[in-house]
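Q: Sequence:
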Amino acid sequence: MTTVLVVDDQPLVRHAVADILSAHEDMDVVGLAGDGQEAVDVAAVLRPDVIVMDIRMPGLGGIAATEKICATPELHDTKVLILTTFEEDENLVAALRAGASGFVGKGAEPQEIVRAVRAIHAGDALLSPVATRALIDRFVSAPAPRRRVGPELDHLTEREREVLLMVAQGRSNQDIADELVISPHTAKTHVNRIMVKVQAHDRAQLVILAYESGLLAPGT
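Sequential numbering from 71 applies to the sequence shown in our numbering.
The reader is advised that the hints may include incorrect statements.
Distance windows between CB atoms, simulated [stated by the list, open to error]:
hint, residue 1, residue 2, range
1, 80, 147, 25 to 33 Å
2, 256, 89, 34 to 42 Å
3, 143, 93, 32 to 40 Å
4, 83, 111, 15 to 23 Å
5, 232, 269, 18 to 26 Å
Computed cross-link-like contacts, SDA-like style, restricted to lysine to any residue with a CA-CA straight-line distance of at most 20 Å [said to hold, decoys possible]:
hint, residue 1, residue 2
6, 138, 112
7, 176, 80
8, 267, 235
If you are wondering where the hints come from, they were derived from the structure by calculation, not from laboratory data.
Backbone N, C-alpha and C fix where the C-beta goes; we use that ideal spot for every residue, glycine too.
Please work from the sequences and hints to get the whole structure.
A: Have a look at this one:
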């Protein structure tokens, strides 16, 4: 069972998403919130598996709320799924930097939202590798200065750097396993060890790290 908190300042959207998720036996919508601060407060009490978070809200916005939630040790296992429109591309990268695990558009089909929640709960942060890679190619170098490969990667093995590069290119665990001729379980183990070593919250932050450290350049 996946427990979910739905956060949106529009009641219609908030309840519509909750109804979509609640219709599935493996989903339990345990709470609703109308702004970022309420989301932080409710999450601290309910500790949901996944938070479906709007970006643009009055008061504390979705990005700031995501950053607070992902920085809370007690919520380490809680994943944030950004609910947004694709006109807000710049904000999506900021949300990934804040610790969000992925995003889904407000215009998505109901089943896409369900799949997105299931995916990030399972640890598959990059819901759409092509779209996510395109966003990062376009925006990641603008908000923060690029650096050459830095100390964050010094303690990774050559194989771990190779796996990190593949994650940054939007590859799934199965893709990595196929290319390196290893099992999907071993590929997942490599990814998990990398996250521990670089203190990344999830795969999305590994993508950001790969670009910001200079391991991978936008457009490559």
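Q: Are the hints correct? Go through all of them and say.
A: Hints, one by one, checked against the model:
no.: 1; hint: 80 to 147: 25 to 33 Å; verdict: holds (28 Å)
no.: 2; hint: 256 to 89: 34 to 42 Å; verdict: holds (40 Å)
no.: 3; hint: 143 to 93: 32 to 40 Å; verdict: holds (33 Å)
no.: 4; hint: 83 to 111: 15 to 23 Å; verdict: holds (20 Å)
no.: 5; hint: 232 to 269: 18 to 26 Å; verdict: holds (20 Å)
no.: 6; hint: 138 to 112; verdict: holds (12 Å)
no.: 7; hint: 176 to 80; verdict: holds (12 Å)
no.: 8; hint: 267 to 235; verdict: holds (15 Å)
Checked against the numbered hints given earlier, the structure satisfies every one of them.
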